[in-house]
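6 protein chains.
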Amino acid sequence: MLTQKELISLKKGDVIKHFLLIRKCDVRTAKSNKPYLSLELADSSLTIQSNVWENFDSFFEKVKNGDVVFVTGFMEEYMGSPQLRITNIRFAEPSDKVDPSDFLEKSKRDLNQMKDEFFNRMESISNIKLKLLLKLIFDEDNFKKFSTAPAGKSWHHSYIHGLLEHTLEIIKICDLMCDIHPELNRDLLICGAMLHDFGKTEELKFDSSFEYTDKGKLIGHIVISAMKINEEAKKIPDFPEDLKECLIHLILSHQGKLEYASPVVPKTMEAIALYHADELSAKINAYKRAIQAGTLNENKWTKFISLASTDLYNHGISSEVEVEDEINKTLFD
Amino acid sequence: MLTQKELISLKKGDVIKHFLLIRKCDVRTAKSNKPYLSLELADSSLTIQSNVWENFDSFFEKVKNGDVVFVTGFMEEYMGSPQLRITNIRFAEPSDKVDPSDFLEKSKRDLNQMKDEFFNRMESISNIKLKLLLKLIFDEDNFKKFSTAPAGKSWHHSYIHGLLEHTLEIIKICDLMCDIHPELNRDLLICGAMLHDFGKTEELKFDSSFEYTDKGKLIGHIVISAMKINEEAKKIPDFPEDLKECLIHLILSHQGKLEYASPVVPKTMEAIALYHADELSAKINAYKRAIQAGTLNENKWTKFISLASTDLYNHGISSEVEVEDEINKTLFD
Amino acid sequence: MLTQKELISLKKGDVIKHFLLIRKCDVRTAKSNKPYLSLELADSSLTIQSNVWENFDSFFEKVKNGDVVFVTGFMEEYMGSPQLRITNIRFAEPSDKVDPSDFLEKSKRDLNQMKDEFFNRMESISNIKLKLLLKLIFDEDNFKKFSTAPAGKSWHHSYIHGLLEHTLEIIKICDLMCDIHPELNRDLLICGAMLHDFGKTEELKFDSSFEYTDKGKLIGHIVISAMKINEEAKKIPDFPEDLKECLIHLILSHQGKLEYASPVVPKTMEAIALYHADELSAKINAYKRAIQAGTLNENKWTKFISLASTDLYNHGISSEVEVEDEINKTLFD
Amino acid sequence: MLTQKELISLKKGDVIKHFLLIRKCDVRTAKSNKPYLSLELADSSLTIQSNVWENFDSFFEKVKNGDVVFVTGFMEEYMGSPQLRITNIRFAEPSDKVDPSDFLEKSKRDLNQMKDEFFNRMESISNIKLKLLLKLIFDEDNFKKFSTAPAGKSWHHSYIHGLLEHTLEIIKICDLMCDIHPELNRDLLICGAMLHDFGKTEELKFDSSFEYTDKGKLIGHIVISAMKINEEAKKIPDFPEDLKECLIHLILSHQGKLEYASPVVPKTMEAIALYHADELSAKINAYKRAIQAGTLNENKWTKFISLASTDLYNHGISSEVEVEDEINKTLFD
Amino acid sequence: MLTQKELISLKKGDVIKHFLLIRKCDVRTAKSNKPYLSLELADSSLTIQSNVWENFDSFFEKVKNGDVVFVTGFMEEYMGSPQLRITNIRFAEPSDKVDPSDFLEKSKRDLNQMKDEFFNRMESISNIKLKLLLKLIFDEDNFKKFSTAPAGKSWHHSYIHGLLEHTLEIIKICDLMCDIHPELNRDLLICGAMLHDFGKTEELKFDSSFEYTDKGKLIGHIVISAMKINEEAKKIPDFPEDLKECLIHLILSHQGKLEYASPVVPKTMEAIALYHADELSAKINAYKRAIQAGTLNENKWTKFISLASTDLYNHGISSEVEVEDEINKTLFD
Amino acid sequence: MLTQKELISLKKGDVIKHFLLIRKCDVRTAKSNKPYLSLELADSSLTIQSNVWENFDSFFEKVKNGDVVFVTGFMEEYMGSPQLRITNIRFAEPSDKVDPSDFLEKSKRDLNQMKDEFFNRMESISNIKLKLLLKLIFDEDNFKKFSTAPAGKSWHHSYIHGLLEHTLEIIKICDLMCDIHPELNRDLLICGAMLHDFGKTEELKFDSSFEYTDKGKLIGHIVISAMKINEEAKKIPDFPEDLKECLIHLILSHQGKLEYASPVVPKTMEAIALYHADELSAKINAYKRAIQAGTLNENKWTKFISLASTDLYNHGISSEVEVEDEINKTLFD
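Chains as they are written, first to last, in numbering that gives the first Met the number 0: chain Y, 0 to 332; chain G, 0 to 332; chain V, 0 to 332; chain B, 0 to 332; chain U, 0 to 332; chain X, 0 to 332.
Don't take every hint at face value.
[Unchecked claim] Below, a list of computed lysine to aspartate or glutamate pairs in the EDC-like style, where the Cα atoms sit at most 16 Å apart:
1) V/4 <-> V/104
2) G/233 <-> B/231
3) X/233 <-> U/237
4) X/287 <-> V/182
5) U/134 <-> U/230
6) V/204 <-> V/98
[Said to hold, decoys possible] Okay, the calculated bits of chain U under chain X, using three or more residues with CB under 8 Å as the criterion:
7) 34-44
8) 204-216
9) 219-229
10) 240-251
To be clear, the hints were calculated from the coordinates, so they are not data collected in a lab.
Here the structure is a predicted model, which means the values were calculated and not measured.
Using N, Cα and C, we set each Cβ at its ideal position, and we do this for glycine too.
Please take these sequences and the hints and turn them into a complete structure.
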């Protein structure tokens, strides 16, 4: 585990002796025709720029995105933004025991608590066929990948453990809907919620950056999930055919519309519930992150976000409890 | 209050002495060129067909949709469907103390319980400006209309008290989302949820049938709600301008997309949450009702539902608790 | 095998002693209030109307769409359309050795010739992994279903053996494209062509009429095909992972656009070729059938065809060879 | 009022002693790593670039977009474009009596003439309720804002007084349509035309540049207008409810389609007339400006204009009167 | 010329001795199995229903839509609608000197006045090449067809002389726009307005009913117009190539968008003006007609109009001049 | 004919004495404020970058895109890309006998072979009217342009002779479809295939680069083709009107949908065949070129291609014949 200070906590002049992840690496050329190495370096708290002007040739031949390096130097500021002046740089070695994933953003929620929530909910599934299917699919290896993966490359829950966090949110929403609508088959819906994005463990690679795999682009997480359920259900004796079809239907239809890449639209109550629970979880997370990322500099409006078809607004109206407290103070003090 | 038996509970040959609502009323002509009166009559449980062949002229001159009549006759069956043979029919009179609304479908939830839920939630709003605004808008008269209205003409929660039921569902979903996301301004979001469809009390008439009013068609419930909030907020001293704008934005954007008649798209975290909470509540209710209505006759598939762009499926897979019970029996007995 | 004359060859007054298929069966009521049985009866050449006015109650209780009946009666004409006057009707019995499928429209092409074409083409696949996969999938049972199935419910190649006919057309088009473009991987493309609609054998039922199965509606032929390939490829040792992914991609993307229910769009040269070869084969067949069906009565224009977004035109301009012959005669005789 | 020469009339070498508006202001860094101040300065005739290389720190700390500065220097040319060499720059002071709005582009039409046209037309409204409503809304303050505002941020009539110019064009078109169609209610239509974009006075800020306000983004000019009419009509005794609804309907529907942000589509003759009159006025102005801006350099084609989905063509075919004159000269001289 | 009374002015019991146009003619069968002839008969004021029960066989063999017949009988009423009881019917003969077109709805405007307007405007075209082109195209034969044709089959200006009426409206709108924008080439724009729908003279047949011709469906009025201009301009020496291209561009782009069947979108100022002038003229006429047709029976709302995507509203708010007069009376008397 | 070596075959240090085409030419300014000339130079095999730092003023005043120059210098490499160091540059002169078109990319197919294929197919048209029409249109001048033109500016077959290559592919596909469907009128379809893109000879200029002409933008190749056929068919006595309309319909509808700029959609069997044959030929070529261009550097995925709405994949799975050979070797050696 890394013990170094987070980049975001450092100030101008602070000394750097840090392992950092290479996010981008190019040779560019200054107008003086002098070539230099342009680096984007990151820990999980910040991505920072640095230029190297001398003796970078042999380094550049070996480096690739996702590498971890050990950097010596100090923090500078350039035109208002933090920058890194590098005095020495070397590749991390196995003995350093650092992992590229240590440098990726992670869910703010506690992983162990999320795991407990997930397995407790799985245990309370009544239908033994479905519970067995879940246990086959979420075996140790698969669950490790599932609990590590982001839910997406860049839009919502796009950070380590994001897929698990997102799945738990959907489960909670679905359980609430089952409380309201006893007509919903709770086991089927919760099982669908748990498995709906399972295919993202193969659609994405997320060891040192978030990228689509070839399989992810050619087949997609929806059909990967469906094929997985089909395979594993075959191993369970007497798995009811209609139950399997309804479960696969939940997976296939969970993006709600053909143009969102679902090959069938929702046709059951559980399917329409899962689609909208997914939307609710995904969109609030995405908008929250876009607002947080976009309004760092006291701007209330983000730039135009094409996935939202608008710019977004951080109204900054303070949480009303304090307001009332303040008022009460005024009234009673 | 009506004490007569529900139509749905009657059988062929049963005697009818019922107040019923006129849903449709036409004179048609048989191929024999003989004109007859074709009626659709309803209580809140069923709509039923009846033909009158003689002496209907003076009745036809006075009757209009939404009238209540007192019918004597008996139940018949014709080609598999129930039909009503009328021996006498007269208009209801004030002394009958019947109200057309008694013949409209109603929410299955208990009205008083829903009212309590609503007012309790309103009381727990912390922001005193917003709480005051809610109290001004939900005065006795308005709340009576609000708690009576359906949430729509025919798609979701399209029954008496449906608007209140729908609003309460959204409040629950929004409260859950606030538990997950402390960044949401809970008071603002819940206040928006309570008011988002308030304009439907003027967009629809729902005394004897569900129809759009002229105002509803020309202005629509979204802008009616916004104008109402604008009016009432002006009566509250020092109502913060930014709070009012964010609240009106919630109302205006709650249908999520321009093509769904929202004049602005959601631009705040609360707005995106309200839109998807509304969708979740509306769509599950709509699909449930479509499935229930469409699969009465043992068909698992409904007819094509254009608002869903598909036919819907009633899988009929039994709730899994019993399945497990059965299995447990097998295991332990 | 049926030896009776085709309905289409009969004339007014001809005696009927035919096995026919029940396509639709309703009780309706005349304006005189007299109920009657309205039937649509068909052999593979024609669908014809008939009404039964007496003693149909016990028959109606047992009959369902897709039944075969033996009908005695004679041909009539009513307002310009052929009609059937039934004097006697009974259900077919096992001893009659008739099969509902004998009454369904069939491909005009010779089945054995089509089978030969298909297996010859399969034999000439060079890649032994792909050839083995095809043999596993097109085993005796599956090929029987595959060679019987229509390619659709009503639009293109919607007749018995239509799926095989359609597949062979696509294979020819794809082979031509491979001749033009050596960059195409011929084995992969032809294998994709052969398998692309395999899932229709489970998506549709086609024993006595063409209907979607529950599985067909919930999962769809595209994902059914993909899951089948995934299953069978696992049985082949060392089946290359990239080859499997590219093949499944061909299946998934063959409808070309997300809104046409493909969960991924074509991303390889073979995928774009297969999509457009499929379109070419399907659309010409569909337009030909719509024109033939729609312009029986000397009208040059069909009714509006919603899938084509237009009415279609049968120009009737004679094949030009004869025209030239005629001219040549004029010139030289 | 400014008496300085317009920038557009100056030549290389001319001395500058001008008040100018800061449109953009950034510190950038040259490849030599030397920081410099990059300025965009404008009067109402031209926007021009200038770089400052020394002693700009204290200036940069105070400057913001929309400020007016007094610049001493002279005109240069750099790579074919005019540029400004600054020898001295200071902020304008109150005693300078300059206003940022003096530096914004203005309508080519005479303001007083436009005001007269507007008020004369208002006076000729026959319906006294509508005339009174107009007078309440267009009070001195509001009319000042209304007659100053642009009709948009960048597309059509996007210059000072543009909203008034645009409104007058629509009034003329609507009056012509009333001449053709006596069925139109002229007072209602003209009143709708006058008010349709009134909300733009609050949707936009236009003192020193054209930007959307928070209220503009959250609520939009359509609903701002509707709320204003609703408020003011309440002050007029016996304002007819149906007239108010039809007038608000005109405002709400004037963008014609839901996807253009109208919450209702046009449902009355006046509404469809206003929508298309608005389109006609807006689009010709927008295309004219795009062509004028895009074809300065003898190019006949503009760049691709995304709002028009095409590039635009300046055919340059001379006005035909002269052509004929020329011909006549040839004929008669 | 017909001197008979208009159908719309007749009352129940009035005697009929009228030439009328056959709009539809079918044999139907009553529930008694008795066949009867169902006719739709029309003069230019009304379309009326009539049934013939005896001896219609030989008549039915010869009759076709668009025939004129001479009918003796009298007016009846049936369930609130006027109906015709026929005692004798015969085909019109040449000696009757009646023309099917006398029975088609016509423009309310005076034809000669419209012709004068058209030719006067043509005379004032300054560009002699364009004026010559117009004279070549609007020769006597073509102008006769042009001034007779409707502007469409059923939507706007869909009556005899409608194309001329529509064209004149567009000319007026375009002249107004040229007054506002001197940048528009007035001759080019007016010439384009005159010719834009010329192809409708060949796209439609309108002798006895309004139908598309084969050429109209296969090629369409836009390209027919373009080909005509291309042909005729070739006959004019030195017709400027760029002028011809800009004129044809006006024709091709006048429906404004590709999806409205224009093969190019408007790219010149004149083209965008013509498109929106056409829209303005067409839509107001269409909405007016739909409202007039749909609100005959005191309903304020029409049925849903799919081309408008809404039902339409006849607000019935009286023209305001009288209102003010009344008020003035109150004030001054 | 050029005898110089192709740029693509040169290496670092090789001497250049080449005629090259100017593709782009700008003066830019280095950060040192030193202006320099930035050139893109090309032969038909490669486009290469070069900067000139001194004495370029008089050259820059005369140069324009599409000029041919004679360059002396040598090949360099800069940051991994080839670059050209120019020691001398002069404009080509007539005596050099070089043509800009020699520097444009060309079809890989042999031109004479393509011409033979085209004329042989034309000769085998049976219908003498159509054959005559083809001969009139493809006269020596027109065929020269037709056989030189690219089929597009940048998407498919966008190289010299590409239009002929594309047309021949479509002819082959159409002939195959005629083999399968005898209902197709082969002469009509093949004639339509030959002429469908003829208008591209006027829509595009392709002497030194590929650009749209004014006529191409204002009218488009579809209507240019239709007007040409209309003109030429008028010269043929007794050219059947219905044949002409069907042929023009083929041209007009060949882009298949209104939104793809066809003014009518396909309404005949031949039209639907031509549309999909065109799609098949165009899309495979476009995807092949995009993949080849995009995956030069060992990347398997291209960048996002907006016309395909995806990035494309070069799977690199080897043609299977060799694989089998290899296996056979393993088996038999």
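We went through each hint and held it up to the structure:
1. V/4 <-> V/104: Holds. Residue 4 of chain V to residue 104 of chain V sits at ~15 Å (cutoff 16 Å).
2. G/233 <-> B/231: At roughly 13 Å apart (the allowed maximum being 16 Å), residue 231 of chain B and residue 233 of chain G satisfy the hint.
3. X/233 <-> U/237: 22 Å, violated
4. X/287 <-> V/182: Judged against 16 Å, a Cα distance of about 8 Å means the pair holds.
5. U/134 <-> U/230: Holds: residue 134 of chain U and residue 230 of chain U sit about 14 Å apart, inside 16 Å.
6. V/204 <-> V/98: The hint holds at about 15 Å.
7. 34-44: As far as the segment 34-44 of chain U goes, the hint is violated, because 0 residues have Cβ atoms under 8 Å from chain X.
8. 204-216: With 3 residues close enough to chain X, the hint holds.
9. 219-229: This one holds; 6 residues, not fewer than the three required, reach chain X with a Cβ under 8 Å.
10. 240-251: holds (count 6)
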